[in-house]
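Q: Use the sequences and the hints to build the structure in full.
Protein sequences, first through last, are from chains B and A. The first sequence begins at 4 in this note's numbering and counts up one residue at a time. The second sequence begins at 4 in this note's numbering and counts up one residue at a time.
FYI, nobody ran anything at the bench for these hints, they're computed from the structure. C-beta atoms are modelled at their ideal positions from N, C-alpha and C, and glycine is treated no differently. Careful: at least some of the hints might be erroneous.
Stated by the list, open to error - Examples of chain B residues toward chain A, derived with CB under 8 Å: (1) I144; (2) K147; (3) A152; (4) R243; (5) T248; (6) V252; (7) E255; (8) Y287; (9) R288.
There are 2 protein chains.
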Amino acid sequence: MDIGGTEIKIGLFDGEGNLLEKWSIPTDRTDGGCRILADAAASLLAKMRERGLGSSDVIGVGVGVPGVVLPDGTVERAVNLGWGRLDAAGELTELLDGIPAFIGNDANAAALGEAWKGAGKGRRSLVLVTLGTGLGAGVIIDGKMITGAHGVGGEIGHMRVRDDEKEPCTCGGYGCSQQICSATGLVREAERLLSAEPEAESVLRTFGSSLTARDIADAAKEGDRIAEKTMDIMTRYLGRTLALTAMVVDPEVFILGGGVSAAGSYLTERTEKYYKEYSPISEYRADVVTARLGNDAGIYGAAAMAGGFGNGRTILGK
Amino acid sequence: MDIGGTEIKIGLFDGEGNLLEKWSIPTDRTDGGCRILADAAASLLAKMRERGLGSSDVIGVGVGVPGVVLPDGTVERAVNLGWGRLDAAGELTELLDGIPAFIGNDANAAALGEAWKGAGKGRRSLVLVTLGTGLGAGVIIDGKMITGAHGVGGEIGHMRVRDDEKEPCTCGGYGCSQQICSATGLVREAERLLSAEPEAESVLRTFGSSLTARDIADAAKEGDRIAEKTMDIMTRYLGRTLALTAMVVDPEVFILGGGVSAAGSYLTERTEKYYKEYSPISEYRADVVTARLGNDAGIYGAAAMAGGFGNGRTILGK
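A: Spelled out as structure tokens, the structure:
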């Protein structure tokens, strides 16, 4: 399962990691998100009945959650779901008649998925950077997930990279990389540029308040100057964020995922240029590629966790 | 062995990691440092003869080198020794009649030492930050050294943290953390402040061109305003560097070593304040403590490597 702020994606996998079926249900965030796990469990149990599967036929259930998850599987906080501290693994196992449940951060789950079956296949060390509403990352080094001693491993979306930022990030800080390097950030940067240059012609003006990151990337590829400038700002800060990250863990490859990664080589080439500019220390650098599993990375990673891999344990070299 | 730019420290350890004897010889950097390994080998062989030890009595020799070391033990480059690419392990083993030699980056060796017998004893995850001529770091997560896919793991001294820097760092970049957070950086910051405020009284002026980081730390503790301001700038950027690092690997503890760490709690308290300011994402953070082994951390870590531990393998939990 991959629990997001709007929907819960669920996938049924066999023991080799083949996706047999996937579906999704809406996320009910009302009342502090207290019905989310029950809804997810009910949907899964219905699917099991439909396929004639009993509890003993299921090895386990992995769940990616958008928030801080402690090493024991307790959720510390998941703001977008309305959750405070919650023993999600214990509660879900109870709802599922004893089927073992494994909880992990959603960005980590996606990294596990890409490492197992996606763009990181065959690599020992990688960082998946998910450019969605925010910037999330999953760090796998020497075949092991780094979740951190306080659950903030891979929170590179909150690295301070811009000193003159006046608006606060959701974390309370200022100038966090995700304020620029995300779908939300791209739209905000474009709107700032459009306001700063009211006379400048740009196709972006035609979208009004429905402007999306996709519109900006498409317009940039068509040569729209404001859109190009927006992408240049975003890739500069993303390159800087990758350089900072590389100076700590130096992975083989950075994999860019999330909606913004649809921009493909336009995104990776510019990001690599700035990554290089911000890390002259070595002439050798990690590759920068786009993710392969798209929105399914989370459920692949959750399946890897359920198979007894994730949560800080290795899924590589198996 | 801990090979530095001015001297080579050598220690003789027993199998439990007890230091039996230590000594040092000067580093001969002339002619591209081509005599360094031969000098070190000759000194070690003389000590073995003195103690009646044969080659078969020695498990191995570990060596910390100030430069980029690839996973196979080849030195990629060690600027301060005058070395380019060098098979240091192979050459040393030959000079030592077949005694196995293990080469690692000196900052990583020091981190192994502190993890094994120093301030990191009993911790599974730590980052040793050595504040000397530059800023070096060794990263140990879940009991394993992270050296990186391109030998730049832990090069946090080259994180870009200051945007308005006009002088280049040794790496060719601008605004690297080690340009401020190091013994050299402290002196440079103090000199800048003294020039910027020519009328300001400060005890630091009495030192002239012989001003050291120690003088600055001592004067700051005595309330000298310029010295206090220098320490404030340095700890701000150091705190920022720790915050950036924590957002990737989130260790249990940061251990501050090197000459500057003699400032003790004056240093750690101010650094923690800024580390907190730059990482509002979580209320839980790594501890910040000073190193315990002082200048011996490198030879302890080298001994750990020789025992078959380091070079990316675990020394913790043993």
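Q: All the hints need checking, so say for each whether the structure fits it.
A: Hints versus structure:
Because the closest C-beta pair between I144(B) and chain A is about 6 Å apart, less than 8 Å, the hint holds. Nearest Cβ of chain A to the Cβ of K147(B): about 7 Å, under the 8 Å cut. The hint holds. Restraint check, A152(B) versus chain A: the minimum CB separation of about 4 Å is within 8 Å; hint holds. Because the smallest distance between the Cβ of R243(B) and any Cβ of chain A comes to about 7 Å, under 8 Å, the interface hint for this residue holds.
The closest approach between the C-beta of T248(B) and any C-beta of chain A is roughly 5 Å, which is under the 8 Å cut-off, so the hint is satisfied. Satisfaction of the interface hint for V252(B) is found here, the shortest Cβ-Cβ separation to chain A being roughly 6 Å, below the 8 Å cut-off. Taking 8 Å as the C-beta contact cut-off toward chain A, the hint placing E255(B) at the interface holds, the least distance being around 4 Å. The criterion of a C-beta within 8 Å of any C-beta in chain A is met by Y287(B), whose closest approach is roughly 4 Å, and the hint holds.
Taken as an interface hint, R288(B) checks out: its beta carbon lies about 7 Å from the nearest beta carbon of chain A, inside 8 Å.
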